[in-house]
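Note that the protein sequences, when read in sequence, are chains Z and R. Residue numbers for the first sequence follow the numbering used here, beginning at 1 and rising by one. Residue numbers for the second sequence follow the numbering used here, beginning at 116 and rising by one.
No lab work stands behind these hints, which were simulated from the structure alone.
Here are some, though not all, of the chain Z residues that point toward chain R, as calculated from beta-carbon distances under 7 angstroms: (1) Phe45; (2) Ser48; (3) Ser55; (4) Phe91; (5) Thr103; (6) Tyr105; (7) Gly107.
Glycine included, C-beta positions come from ideal geometry on N, C-alpha and C.
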Amino acid sequence: EPEVTQTPSHQVTQMGQEVILRCVPISNHLYFYWYRQILGQKVEFLVSFYNNEISEKSEIFDDQFSVERPDGSNFTLKIRSTKLEDSAMYFCAGAGGGPTADTQYFGPGTRLTVL
Amino acid sequence: EDQVTQSPEALRLQEGESSSLNCSYTVSGLRGLFWYRQDPGKGPEFLFTLYSAGEEKEKERLKATLTKKESFLHITAPKPEDSATYLCAVSTAGGYNKLIFGAGTRLAVHP
Chain Z
1 EPEVTQTPSH QVTQMGQEVI LRCVPISNHL YFYWYRQILG QKVEFLVSFY
51 NNEISEKSEI FDDQFSVERP DGSNFTLKIR STKLEDSAMY FCAGAGGGPT
101 ADTQYFGPGT RLTVL
Chain R
116 EDQVTQSPEA LRLQEGESSS LNCSYTVSGL RGLFWYRQDP GKGPEFLFTL
166 YSAGEEKEKE RLKATLTKKE SFLHITAPKP EDSATYLCAV STAGGYNKLI
216 FGAGTRLAVH P
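Same shape as in the complex, but just chain Z (with noise of 0.2 angstroms):
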């Protein structure tokens, strides 16, 4: 069964660096997004991304945040300057066409830790 995959699945990295964090979404999905998920926390919708251009982002998606999908496969979420706050569980989730658009599949996520 084709599964989402992330990667790293752990990022430690210094406050004010760039971290780009890698998703390679079931192939046939066409809609993809990123949430994140604050240690005891909600899960909280980032960013929505559909023909190449972002759908819907939230309060929390600023400028320093972006996203692409370079190569047909993967899907990259980039964060310029990196904040403490900033650290969190990271899931890419990717939907599917038609009838099936509405279910999203989540990856293992990638665990970001500022510090």
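Based on these hints, arrange chain R on the given structure of chain Z.
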């Protein structure tokens, strides 16, 4: 404001002791309600999608139901391997399917 509230926060059951988890929601227009299972340090694992009041879905020991204001996840004769956090999420009509999550119910099933 769209909101999802889950109860209880935590639930401890003996193996074989059936129970229900609750998810209540207030949204401007419900598109779909989703149940996920999350193990510690892992991503949410999809369980069910429900669209309209009265709808029910089943998978092994789990059954999800939906009313106009809430959803229930019924767990029948649970086993220790059912221990996890169960997340409820909604998507709203007119949006791009972003999911709004509840805080989850932490379920522990003891032998």
